[in-house]
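Input sequences plus hints: build the corresponding full structure.
Letter by letter, the chains look like this.
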Amino acid sequence: MTELVNGKGLSLVPKTDVKQTLKDFKSDQEVRWCPGCGDYAILAAVQSFLPELGLKRENIVFVSGIGCSSRFPYYLNTYGFHSIHGRAPAIATGLAASRPDLSVWVITGDGDALSIGGNHLIHALRRNVNLNILLFNNRIYGLTKGQYSPTSEVGKITKSTPMGSLDKPFNPISLAIGAEASFVARTIDSDRKHLQSVLREATAHRGTSLVEIYQNCNIFNDNAFEPLKDPGVRDDITLRLEHGQPIVSASKAVVRAANGGIKVVARDSVSEGEILVHDAHSPDPSIAFALSRLDEPAFEHVPIGVFRSVDRPTYDGRMAEQLEEAAAQKGPGDLSELLMGGDTWRIN
Amino acid sequence: MTKQVQQLDRVIIRFAGDSGDGMQLTGDRFTAGTAEFGNDLSTLPNFPAEIRAPAGTLPGVSSFQLHFADHDILTPGDAPNVLVAMNPAALKANLGDLPRGSDIIANTDEFTKRNLQKVGYDANPLEDDSLREWRVHAVPLTSLTVKALEGFDLSKKDAERSKNMFALGLLSWLYHRPTDHTIKFLEQKFAKKPEIAKANIAAFQAGWNYGETTESFSVSYEVKPARLAPGVYRNISGNQALAYGLIAAGVQSKLPLFLGSYPITPASDILHELSKHKQFGVRTFQAEDEIAGVGAALGAAFGGALGVTTTSGPGVALKSETIGLAVTTELPLIIVDVQRAGPSTGMPTKTEQTDLLMAMYGRNGESPVPIVAPMSPSDCFDAAIEAARIAVKYRTPVMLLSDGYLANGSEPWRLPEISDLPDISQEFTTAPNGEDGQFLPFKRDTETLARPWAIPGTPGLEHRIGGIEKADGTGNISYDPDNHDLMVRTRAAKIAGIDVPDLEVDDPDGDAKVLVIGWGSTYGPIAAAVRRIRRVGGKVAQAHFRHLNPLPANTGEVLKRYDKVLLPEINLGQLALLLRARYLVDVISYNRVRGLPFKAEELAGVIQDVIDSD
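Top to bottom, those sequences are chains L and F.
The opening position of the first sequence corresponds to residue 0 in numbering that gives the first Met the number 0, with each subsequent residue numbered one higher.
The opening position of the second sequence corresponds to residue 0 in numbering that gives the first Met the number 0, with each subsequent residue numbered one higher.
What the hints contain is simulated information worked out from the structure, not anything from laboratory work.
Honestly, I wouldn't trust all of these hints.
As the list claims (entries may be wrong) - Straight-line C-alpha distance at most 30 angstroms; calculated DSS-like pairs for lysine-lysine:
| id | chain 1 | residue 1 | chain 2 | residue 2 |
| --- | --- | --- | --- | --- |
| 1 | F | K392 | L | K55 |
| 2 | F | K146 | F | K192 |
| 3 | L | K329 | F | K277 |
| 4 | L | K329 | F | K253 |
| 5 | L | K22 | F | K442 |
All values reported here derive from a predicted model rather than from experimental measurement.
This is the structure we're talking about:
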């Protein structure tokens with residue numbers, strides 16, 4: 000009854016024999032982000048990744064909300080829907096649930112996905128419709144010119160918080176795991192190779208994948224992720240998550256803590272055997288959740304990669320099965336039969 | 000002793016009891032028997048929003064009114080001839096509606112000191128002569144039921160629960176209703192609890208037998224079947240008809256139906272009904288909120304589905320931004336608003352016509368939306384197909400304005416021939432429409448002004464749409480002032496140019512000076528009032544709006560043809576405002592917002608006053 004979906008993320012989307020290149024996915028629209036914006040790097044990474052999927056271009060749809068990142072669909076020569084603030088996951092859900100032959104992507108930001116659209120995001124994740132959600136996290140509101148966002152650090156000085164912001168930020172990875180997400184990953188705009196490797200896994204996953212992309216807003220929140228880019232420290236603070244591999248940076252390692260949790264220690268203080276081996280497919284989300292908490296306080300050590308990738312039935316798949324079951328039990332829909340279905344009587 | 004049988008041409012019965020007494024079920028079953036018998040009928044359920052208000056209190060009273068006749072009727076009736084009162088609260092809450100001389104069947108077992116005190120009766124009204132102007136039948140319904148079920152392996156509480164079936168049996172005897180269907184129904188309903196099924200059937204039959212033997216009822220009544228147009232009939236509520244209409248619209252448009260919805264009174268039954276018919280390829284999506292419901296429907300429409308969202312007024316308020324997105328992206332979408340009393344939460348189970356101006360104007364920007372309003376429960380079927388026709392042909396969101404009265408009320412429905420249903424299908428665009436193989440998503444059909452509908456999966460037509468203003472033709476983002484002015488006017492012209500049928504005027508002699516108009520669910524009471532006026536020789540013309548936007552092309556001409564135009568609405572004059580502004584006609588408004596439909600007698604009085612005034 001329930002489908003086995005692992006590795007079959009886009010198996011229902013028609014393939015093309017025509018060789019595609021990055022150029023095929025560039026639209027004729029002039030890109031209008033600020034010079035130096037991290038969005039350029041993400042756009043280029045996605046445009047050069049899409050040909051690898053070998054899908055018919057007309058079967059790819061990008062849906063977005065509102066914000067700088069949400070202009071993304073205009074720059075891709077696929078079908079696109081630039082919608083309203085926060086609602087892209089809902090619109091994409093309707094599209095993906097009724098069209099399993101489409102590769103549906105949601106492009107959103109930290110304000111769009113986690114503030115005004117928070118409800119739609121968590122429900123999309125628990126439902127597990129076949130969607131790829133790319134959450135560009137720059138920890139600031141860009142399009143409205145620089146207010147703090149739900150991922151801004153406490154005390155953030157912005158136009159709307161001259162004495163510092165008061166509210167604790169969301170950790171998007173923790174939030175997604177708490178919302179029953181079946182695929183959760185984090186990557187960074189400046190590392191195209193890593194970004195594309197995560198996209199590869201996200202598209203192979205059938206169900207909702209959430210990819211948080213650390214993205215630099217050079218106008219309102221420049222260098223927010225600088226430690227992860229600084230050649231002097233980045234290799235020490237970046238913990239690469241690869242399924243089946245020990246979780247380490249150049250100088251640090253993750254091990255189990257005495258209290259049952261996990262902790263980061265100097266790599267040379269432990270033996271190889273003590274280092275936690277990453278299991279992205281574990282049914283129990285607690286280690287993935289614990290990993291998502293390691294970067295508090297920020298940037299001491301930051302896990303990058305796929306936190307969690309588990310196989311479970313998709314909403315669209317089960318919905319299609321119910322339609323088939325109903326047709327098998329009752330026969331295909333017959334209007335006349337439907338109308339005559341109650342207690343009827345004839346008047347001559 | 001053979002009892003006397005009296006012939007009546009029509010009867011109005013109201014079943015009233017505590018929310019837990021099963022009055023809606025009792026009413027439904029009596030209605031089914033009445034429909035089977037061949038009377039014309041109309042029903043009015045009236046229940047509290049609370050699922051179980053404190054037992055025996057006034058807020059907990061639930062009632063079901065049924066009007067049935069040997070001729071065609073238009074409303075559930077103004078005032079009951081018979082009240083079945085299952086407790087003191089039911090008597091107190093409904094006595095004011097009961098004309099003197101009518102019958103009261105009261106369950107004496109519930110008229111205890113405590114229950115009487117709960118609703119403020121100092122003395123038992125069944126005993127203190129205060130009801131002398133009514134014909135009271137005091138029947139110990141509960142104890143008779145318990146006694147009838149003595150042989151069953153049931154707790155006293157379970158046995159007492161069957162008292163509504165005893166009442167149904169008694170009323171079925173009193174009005175010569177057929178019993179087979181109810182027995183079959185009970186067998187099916189309690190198929191998994193055969194003992195409960197048997198007990199309910201026994202209670203039902205005991206009620207029938209009680210009527211036949213007791214001296215409390217010396218007369219029974221017969222209402223002959225009505226002479227309705229030939230055809231196959233069934234009884235149907237507005238919500239059920241609307242759901243069937245949406246399924247039919249999917250079939251007739253050759254589009255898969257997608258419903259995105261969030262539960263809300265009084266619209267939820269449409270979601271429930273549609274979720275039962277997946278064999279039609281109907282996808283029902285219970286969303287996390289109202290906004291997601293309409294968002295998913297719009298997303299599905301972008302993918303080539305017939306996208307629908309169902310809700311009530313508070314839900315429309317939440318959906319308005321997405322409806323605006325549908326307006327500007329010019330995608331087909333149906334928004335069903337089953338109106339209820341507002342503002343805010345208002346009175347969820349009570350009816351009102353107060354969302355017309357919200358449907359018309361309740362969005363930011365110039366955001367025109369066509370509006371269709373069904374006029375009776377069964378008309379919800381045709382209105383749903385009409386809404387879909389407009390949505391698909393003109394690529395626009397369409398507002399379908401039902402209300403609580405239509406949603407829960409029911410009437411016999413002559414089933415349409417499937418072959419008579421309109422073909423409302425439109426072709427998707429599959430080829431480029433511009434020069435050099437370019438696709439222009441906002442290059443319009445010159446006649447309808449509809450834009451091409453090219454769905455994902457169509458090669459060569461990849462394009463982007465969105466909420467930002469679009470350049471005419473290409474659909475690219477545009478902030479050009481003249482382009483915006485053109486697009487605003489074009490979207491308005493598209494909606495204004497929708498083909499809707501002319502307003503039909505019912506003016507038998509052609510010499511009436513007064514025209515009474517209405518829209519939506521007031522059709523029945525207005526038409527019944529018009530009949531009353533004509534029966535006594537009065538002259539009045541009637542016209543009823545099913546399309547509120549655009550208005551029929553002959554509206555201005557019709558309004559100006561009469562000396563006086565009267566418009567009853569269950570709001571404070573919303574359509575009147577539109578008509579006055581548009582046609583400069585001095586429409587006379589009659590407005591009541593009591594959460595209840597108009598009464599025919601009330602409207603007949605208003606019409607007569609307008610006729611009589613200078």
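Do the hints match the structure? See the list:
1. K392/F to K55/L: holds (29 angstroms)
2. K146/F to K192/F: It holds: about 21 angstroms lies between the C-alpha atoms, which stays within 30 angstroms.
3. K329/L to K277/F: Holds. K329/L to K277/F sits at ~9 angstroms (cutoff 30 angstroms).
4. K329/L to K253/F: Holds - the C-alpha atoms of K253/F and K329/L are around 20 angstroms apart, at most 30 angstroms.
5. K22/L to K442/F: holds (26 angstroms)
The structure fails none of the hints (numbered hints given earlier).
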